[in-house]
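The primary structure of each chain is shown beneath.
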Amino acid sequence: MAFSQPNAQRELTNRKILEELQLKKQLLLKQGVASTLNSSALPVLGSSNIVTTNSDGLPNSVAANISSTQRAALQQANSQSMGFFITQDSSFGNLILPVIPRFEPNKLFIMFPCMKLKHLQELLEDVEVFEKPKIHLEQYVTPSHLSSHMMYTIQSQYGDLKDKLVADLGSGCGSLSVGASVLGAGMVVGFEIDQDALEIFRRNMEDQELFNVDVINMDVFHIPSNFYKQFDTVVMNPPFGTKYNSGIDMQFLKTALQLSTHAVYSLHKTSTRKHVIKIAEQCGANAEVLAELRYDLPSTYKFHKRKSVDIEVDFYRFLIS
Amino acid sequence: MKLLTHNMLTSKCMKGVTVGYPLKINAFDVKVSEVDFNPEFVSRIIPKLDWNVLYNAAESIGQVEDMPKSIVDDYENNTDFLKKVHRVLLEVEVINGELVCPETGRKFPISNGIPNMLLNEDEV
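So the protein sequences, as listed, match chains A and B.
Once you know that position 150 of the first sequence is 150 in my numbering, the rest is easy, because the numbers rise by one and skip nothing.
Once you know that position 48 of the second sequence is 369 in my numbering, the rest is easy, because the numbers rise by one and skip nothing.
So that you can see chain A by itself, here it is in the shape it has in the complex (with noise of 0.2 angstroms):
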């Protein structure tokens, strides 16, 4: 928090987000959604983050800790305010502490007609997906419950799938095609090398009765710039570019940026951050990391010793200026 800024300044802030909250306050209520909210502060991806709540709206760790004290200003607070509100401690002695979200008040209440996230993910579930995944091409599954939030994003915040058409680089066995064609978009074009992984894509689209995706057997670095600036919305899972490919996944990021006229949704290692953010400027693109994910890999290789690798990962918005 920027504390140097003077009194009055601070507290006229202070108002405007008030104000401007109590507005969300009302748009909420009237679009009978607000009792969702309380207790998800924020549209947090990942299954790591779930928390389970008992009658008073609380998390049930947090219940369990807190004086009566504490509970009774929490509960005030919670029924007389629609802020979000923590129990921990300060050093000024407060019981508990407002929380501002972190999120940008009016994206999460723009919303965009979209598909239920729960129907997304039971679809993107039966996405079958690689019988022998190759190491040389860093084939890794993107899990349902990571593709199903990342596609509902795109579509339910931003609106970048309904009537667009959308790009699908390294595109795999398919599911983030499925997801962008389950959610409305005018027609999908998967670009992917390995042919094991297309015959898998091809049944998968059929299974799914999806017939508005293309897919092309074409090295991504060899996308002729007839493809340029043609595609509204591009979205990936690149190789993160560890083992035997470094580099890979900023050459998937630049040639995205070049397909796209609008937006480029991909993930990348949050190691790497300060770099895609800068070749993303270097691109004309502006990168937003839109969430933190836990990459929960499976022991797909023989090299990973334990059962499963949590990687972390940022979940990126490049928007191309």
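Just so you know, the hints here were simulated from the structure itself, not pulled from any lab data.
Any given hint might turn out to be false.
To be verified - Distance condition first, Cα-Cα at most 30 angstroms in a straight line; then the derived DSSO-like pairs of lysine-lysine:
#, chain 1, residue 1, chain 2, residue 2
1, B, K405, A, K269
2, A, K116, A, K269
3, A, K162, B, K405
4, A, K229, A, K162
5, B, K369, B, K405
6, A, K269, A, K132
7, B, K404, A, K162
8, B, K369, B, K336
9, B, K369, B, K345
10, A, K254, B, K390
11, A, K274, A, K134
12, A, K162, B, K369
13, A, K162, A, K116
14, A, K24, B, K345
15, A, K162, B, K352
16, A, K229, B, K405
17, A, K254, B, K405
18, B, K428, A, K254
19, A, K162, A, K16
20, B, K405, B, K390
21, A, K25, A, K118
22, A, K229, B, K333
23, B, K390, A, K134
24, A, K229, B, K390
25, B, K405, B, K345
26, B, K428, A, K134
27, A, K229, B, K352
28, A, K118, A, K24
29, B, K369, B, K352
30, B, K369, A, K254
31, A, K134, B, K404
32, B, K369, A, K229
33, A, K162, B, K336
34, B, K428, B, K390
35, A, K118, A, K274
36, B, K390, B, K336
37, A, K229, A, K254
38, A, K116, A, K24
39, A, K229, B, K428
With chain A fixed as given, assemble chain B onto it according to the hints.
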């Protein structure tokens, strides 16, 4: 392979090829499958297309039907026209066949609806 995809495909990435466009289609097996008609989408795609290439491609595989030879005026509000374009762009599909580079004659097979545009190392 749909004709919308064909409209963007070239063999330009091959060594010695300057334009590589449009690729000639030899179709052995063509399927027309129903795709939801989305007039907004088709209207938005039309200005991006190389119309002559689309028309000639459709004609070469016997699927042009009564789609006009040039884009009609005020097409955004012409549902009849948009439906014809929709059919050619999205519903017509080459399942088996080949694409031929106009400069080198190199053939790119299409099987199970998927064009194989992979190049050999000595072609890049």
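Checked hints:
1. Among the hinted pairs, K405/B with K269/A is inconsistent with the structure: their alpha-carbon atoms are about 45 angstroms apart, more than 30 angstroms.
2. The hinted pair formed by K116/A and K269/A meets the criterion: a straight-line CA distance of about 28 angstroms does not exceed 30 angstroms.
3. Of the pairs offered as hints, the one joining K162/A and K405/B holds, with about 21 angstroms between alpha carbons and a cut-off of 30 angstroms not exceeded.
4. Distance hint between K229/A and K162/A is fulfilled; the C-alpha atoms sit about 18 angstroms from each other, no more than 30 angstroms.
5. Between the alpha carbons of K369/B and K405/B the distance comes to roughly 17 angstroms, so the proposed pair stays at or under 30 angstroms and holds.
6. Taking the CA atoms of K269/A and K132/A, the gap is about 24 angstroms. The hint holds against a cut of 30 angstroms.
7. At roughly 19 angstroms between alpha-carbon atoms, K404/B and K162/A fall within 30 angstroms of each other, so this suggested pair holds.
8. For a cut-off of 30 angstroms, the pair hint linking K369/B to K336/B stands: about 27 angstroms separates their Cα positions.
9. For the proposed pair K369/B and K345/B, the alpha carbon gap of about 20 angstroms is at most 30 angstroms, so the pair holds.
10. Of the supplied pair hints, the one linking K254/A and K390/B is violated, its CA atoms being roughly 37 angstroms apart against a limit of 30 angstroms.
11. For the suggested pair K274/A and K134/A, the alpha carbons sit about 29 angstroms apart, so the restraint of at most 30 angstroms is met.
12. Proximity of K162/A to K369/B is assessed by CA-CA distance (about 18 angstroms); at most 30 angstroms being required, the pair is judged to hold.
13. This hinted pair checks out: K162/A and K116/A have alpha carbons roughly 14 angstroms apart, not beyond 30 angstroms.
14. For the hint linking K24/A to K345/B, the alpha-carbon distance of about 56 angstroms lies beyond 30 angstroms, and the restraint is violated.
15. With a C-alpha separation of about 25 angstroms, the suggested pairing of K162/A with K352/B holds against the 30 angstroms cut-off.
16. Pair hint K229/A plus K405/B holds up; C-alpha atoms about 25 angstroms apart against a cutoff of 30 angstroms.
17. Restraint check: the Cα-Cα separation between K254/A and K405/B comes to about 36 angstroms, which exceeds 30 angstroms; the hinted pair is violated.
18. With a C-alpha separation of about 29 angstroms, the suggested pair K428/B and K254/A falls inside the 30 angstroms cut-off, and the hint holds.
19. Taking the CA atoms of K162/A and K16/A, the gap is about 34 angstroms. The hint is violated against a cut of 30 angstroms.
20. The hinted pair formed by K405/B and K390/B meets the criterion: a straight-line CA distance of about 12 angstroms does not exceed 30 angstroms.
21. For a cut-off of 30 angstroms, the pair hint linking K25/A to K118/A stands: about 25 angstroms separates their Cα positions.
22. Between K229/A and K333/B the alpha-carbon distance is near 17 angstroms, which keeps this suggested pair within the 30 angstroms criterion.
23. Between K390/B and K134/A the alpha-carbon distance is near 47 angstroms, which puts this suggested pair outside the 30 angstroms criterion.
24. Among the hinted pairs, K229/A with K390/B is consistent with the structure: their alpha-carbon atoms are about 26 angstroms apart, no more than 30 angstroms.
25. Taking the CA atoms of K405/B and K345/B, the gap is near 22 angstroms; set against the 30 angstroms cutoff, the hint holds.
26. Distance hint between K428/B and K134/A is fulfilled; the C-alpha atoms sit about 27 angstroms from each other, no more than 30 angstroms.
27. Annotation: proposed proximity of K229/A to K352/B holds, straight-line Cα distance about 29 angstroms (limit 30 angstroms).
28. For the hint pairing K118/A with K24/A, the CA-to-CA distance comes to about 25 angstroms; that is within 30 angstroms, so the pair holds.
29. Proposed proximity of K369/B and K352/B is supported: the alpha carbons are some 25 angstroms apart, at most 30 angstroms.
30. With a CA separation close to 22 angstroms, the supplied pair K369/B and K254/A stays within the 30 angstroms bound.
31. Under the criterion of a C-alpha separation no larger than 30 angstroms, the hint pairing K134/A with K404/B is inconsistent with the structure, at around 42 angstroms.
32. With a C-alpha separation of about 10 angstroms, the suggested pairing of K369/B with K229/A holds against the 30 angstroms cut-off.
33. For the hint linking K162/A to K336/B, the alpha-carbon distance of about 38 angstroms lies beyond 30 angstroms, and the restraint is violated.
34. Using a Cα cut-off of 30 angstroms, the hinted pair K428/B and K390/B holds, with the two alpha carbons roughly 28 angstroms apart.
35. Of the supplied pair hints, the one linking K118/A and K274/A is violated, its CA atoms being roughly 33 angstroms apart against a limit of 30 angstroms.
36. As the CA atoms of K390/B and K336/B are separated by approximately 34 angstroms, the hinted pair breaks the 30 angstroms bound.
37. Of the supplied pair hints, the one linking K229/A and K254/A holds, its CA atoms being roughly 13 angstroms apart against a limit of 30 angstroms.
38. Restraint check: the Cα-Cα separation between K116/A and K24/A comes to about 22 angstroms, which is no more than 30 angstroms; the hinted pair holds.
39. Among the hinted pairs, K229/A with K428/B is consistent with the structure: their alpha-carbon atoms are about 27 angstroms apart, no more than 30 angstroms.
Going through the hint list in order, the structure does not satisfy hints 1, 10, 14, 17, 19, 23, 31, 33, 35 and 36.
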